[in-house]
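Chemist: Assemble chain L onto chain F, guided by the hints.
Below are the chains, spelled out letter by letter.
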Amino acid sequence: MKELSLHILDLAENSLRAKATKININIFEDTEKDLLIIELEDNGIGMAEDLLRKVENPFVTSRTTRKVGLGIPLMKAAALRCEGDFKISSEIGKGTRVISIFKHSHIDRAPIGDIGQTIISLINANENVEIVYRHSYNGNCFVFDTREIKKILGNVSINEADIMLWIKDYINENVKNLYRNSQ
Amino acid sequence: MRLDKIVKELGLEVLTERDIEKEVKGVYIGDLLSLVMANASENNLWITIQTHLNIIAVATLVGLSAILIAEGMEVEDETIKKANEVKIPILRSKLSAYELACRLYELGV
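Chains as they are written, first to last, in the numbering used here: chain F, 1 to 183; chain L, 1001 to 1109.
The hints are simulated quantities; they were obtained by calculation from the structure and are not laboratory data.
Careful, some of the hints might be misleading.
As the list claims (entries may be wrong) - Here are the computed distance ranges between Cβ atoms for each label pair:
#1 G154(F) / D1031(L): 43 to 51 Å
#2 S1096(L) / V156(F): 50 to 58 Å
#3 S182(F) / R1002(L): 54 to 62 Å
#4 K176(F) / E1078(L): 38 to 46 Å
Since the structure is predicted, the reported quantities are computational estimates derived from the model, not experimental observations.
Every residue gets a Cβ at the ideal spot worked out from N, C-alpha and C, and that includes glycine.
Just chain F, with the same shape it has in the complex (with noise of 0.2 Å):
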């Protein structure tokens, strides 16, 4: 895909898709070490032994509207061809992590994208979903808790439109500044 959040975005689905009721995306970024590592981590139904090992297949997918599966096959795809490693674990009724490392300066590295755009996504697409973004770039970093929002918001629903407009753009913000701070 053209972004990396757009990948984030088809992981985190397969997330919502295992019930997760909570989802960890980290970001790490680290020019010195010329490193992108990119995690996400959910308290889904998870995946037996047996599953886990076919899932990097597009041909395998729990879906039954169709019968090829991509989000996970384009993600490894993306992080091999830029020298870098793709990892997926899993247990059953605890969750899935899957880790994606690219090597940063390559030349086929995708950018990482309007980040904000896949978080208000997946509140759209269901709001009690508890998403912390993590992002940290050369050692500083930045952290997105829907909960602390929700705490702020009180009575008022997280995925009114004034708000979610406000919470793409105060992450896309963030982010712009972690690397602004780091120059």
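Modeler: Quick look at chain L alone, frame taken from chain F:
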């Protein structure tokens, strides 16, 4: 246009079982699989340099007519095996995607 005619006219290598008596409607060129999924049309001939098993998944999803590998790229056995299973022909040429597109245009595809 018929796929077997295209194979003959362009001198393409057929990597899968010769299941090429089918119709091709238009051509799509692209190496970013998500874009191909979004923008290619049914029965297109798809020109790409990607060779991973994922291309068969994309071709199945879109209902592509065949995959044409440009620049003589090496294709994984797993990909060819799956292509035979789902009956999507994989063709190959040493030409670039641009040169292939020009030849196909001249042919009237």
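Chemist: Take the C-beta atom of K176(F) and the C-beta atom of E1078(L), compute their distance, and say whether it sits inside 38 to 46 Å.
Modeler: holds (42 Å)
Chemist: So does S182(F) sit 54 to 62 Å from R1002(L), Cβ to Cβ?
Modeler: Between S182(F) and R1002(L), where Cβ atoms are some 58 Å apart, the hint holds.
Chemist: For the hint 50 to 58 Å, verify it against the beta carbon of S1096(L) and that of V156(F).
Modeler: Check passed, 56 Å falls within 50 to 58 Å.
Chemist: Holds or violated: the 43 to 51 Å window for the beta-carbon distance between G154(F) and D1031(L)?
Modeler: holds (49 Å)
When held up to the earlier numbered hints, the structure conflicts with none and fits them all.
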